[in-house]
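Engineer: Sequence:
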Amino acid sequence: MHHVPTNQDPNPSGLGRAIINRKIKDARHMQESGLYTTDLDPTSRLKSVTQEKDLDEFFSTAQLAGTEFTAERNNVKIIQSSTGSSRNPYLLSEQEEKITLLRQRENKGRLRVPRRPDWKKGMTTAQLDRQEKDAFLEWRRGLAGLQEQDGFLLTPFERNIEVWRQLWRVVERSHLVVQIVDARNPLRFRCEDLESYVLDIEGSEGESGSGKGKRRNLLLINKADLLTARQRRLWADYFDTHGITYAFFSAANAAAIQQARRDALDVAGSNDQDISSESEPKYVAEGADEPDLVEDDASESESDASESEDEHYFSAEEDTTDGQDPRARVLSVLELEELFIKSSPDLTGNPPSKLVVGLVGYPNVGKSSTINSLLGEKKVSVSSTPGKTKHFQTIHLSDHIVLCDCPGLVFPQFATTRADLVCDGVLPIDQLREYTGPVSLVADRIPKEILEAVYGLSIKTQNTDEGGDGKVKAEDLLIAYAIGRGFMRSGQGNPDEARAARYILKDYVNAKILYSHPPPGISSDAFNEKAYQLAMTRAAEKKHAPTTRVGKNADTFVAFAPNSAINKQGGLKTQSLDNNFFDNQGSLLSRPLVQGSLRNGSEFSRGKAFPHQNSVTNDGTPLDARQARLLALTGVANEVGKGKKHHKKTKRVKQRSGKGYD
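Each residue of the sequence shown is one higher than the last, beginning at 1 in full-length UniProt numbering.
No lab work stands behind these hints: they were computed from the structure. One or more of the hints may lead you astray.
As a list, the in silico DMTMM-like pairs of lysine to aspartate or glutamate whose alpha-carbon atoms are at most 25 angstroms apart [as the list claims (entries may be wrong)]:
#1 K460 to E475
#2 K471 to E452
#3 K120 to E138
#4 K98 to D444
#5 K448 to E434
Fair warning: this is a prediction, and the values are worked out from it, not measured in the lab.
Starting from the given sequences, assemble the full structure and let the hints guide the process.
Structural biologist: Have a look at this one:
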């Protein structure tokens, strides 16, 4: 039997050898200089972080700073909520909103996007990483000072430095930075400081000391088909006044036009195959032939494109004077490509370089959809959930243009409430916990007639007689929608308002109920007047949903009151009560009755065992004291002298819960 010598390692490739190899590899990496990357941790994921708990924020700040923190006792602030106010605590009043907007305009210059610190090619990876983290931490401290010391409310902004590094790379390698915004609220999604940052980047790669850069900005207003021609003209006047380079575009319209062309080509190809045995090659190729489809689409006649693009949300508006204004036109794909070339800086040189167009913006504004419409087919993953794109990607549009898609970034901006961000589609609705604030904004912005026409509802409001103001509140809209759609809480039978809120907010974000923010200085009602009229026309013959889930034979059913001249200003319950009291027959037979009483269910549900309870008859006729005593004694005698009781129990049967409800 052979034994292994004690001085020989039986496993030459074991744990010890692996540790030694790892140390040698780390020592070699420390000597190398990574000039164009700062990712020290290869396992770090590009996860968008817009909101953090206090403990998570503390740990992330400690990790960025690379120092140790000690706990300190902070001042305790007790917040007492007023219970007597009927105003939504998650929204601001008109006076508070005016004061807040004024303070925000005064401190507008303090709100900045994080800059990449100056760097040179001779710096190592560790130096770049430490320098960027220090600059990012200082930027976080500045925003924290705005929130804590000055009391400003900021939008939930991106807190992950890795996502901001993606923006830095896209901006540094781009010649034209296109900022995509939603046409319904362009100023909310436009970041002015980003435009300044693009102009400040030096050289062709952003290296410090390489000279002034030649980058330019372009504001692309996506989803422009949701605006009327007059609304686009008003926005064009505003952008021209402030010297902003802009363009109106609709990725949804462009995609629909291209899909219609493909369907027509497929039909034509199938007809040719039926006629002749030798068929032409397919127009829609796979693999490397896919970009040829974009060139074929671009070579189509402009008349076909214009005829198809006129069939959008407000097609009748294009024939008006506002629709003929070239500034308010919705560009086609070919026109947008030409605009990219015209808006780009001079790239003549030796060797000539391709035009790199960087697309940046908020999540869910349509960056990926814009790229897909430019390519003529789906190249980039698109999702309704904000933040689908996780890292930047370059796509060759043609031999001269390269598109660079950046992940959706939530830039820091001043905000009045978090409800605005939910309505703008920045924050995901499925993760929403507090829904009364956003739904209140929807109820304030959309008229009651539009909501009732679109959803087929009859929304009940409280007027001044009932303690209300006649306006639609969030609770009124949610209850009416939940009852109309049959959304009920399990085991309770009450309307499921949270589920109804998610449906309504998604319809608002997806423009089923359309509201567009006007430029500064223009009334909201006047700006959306034409859109409201078209919405009423589309929903003219819609069937109305039920207003209550209570059956007519239920104990709690309240019938609709007919038109009466007694009190037309009262609420529904007030009119119903008055009509029952002032009935021509002079009876109150619609009152609830006692089930199983002596008179076979015809007695009223009130006690009559004492004389004072018999002072009036059932129809309200007053009685004297003697008659009241006789009725009391008679009633007691009848109760006592019922006869023999057999105590027979009814058969136990299964009964539905929620008596009186459908």
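Engineer: Please go over all the hints and tell whether each is borne out by the structure.
Structural biologist: Evaluation of the provided hints:
1. K460 to E475: holds, 10 angstroms
2. K471 to E452: holds, 13 angstroms
3. K120 to E138: holds, 21 angstroms
4. K98 to D444: The given pair, whose Cα atoms are some 17 angstroms apart, holds under the 25 angstroms limit.
5. K448 to E434: holds, 23 angstroms
Comparing the model with each numbered hint stated earlier shows that all of them hold.
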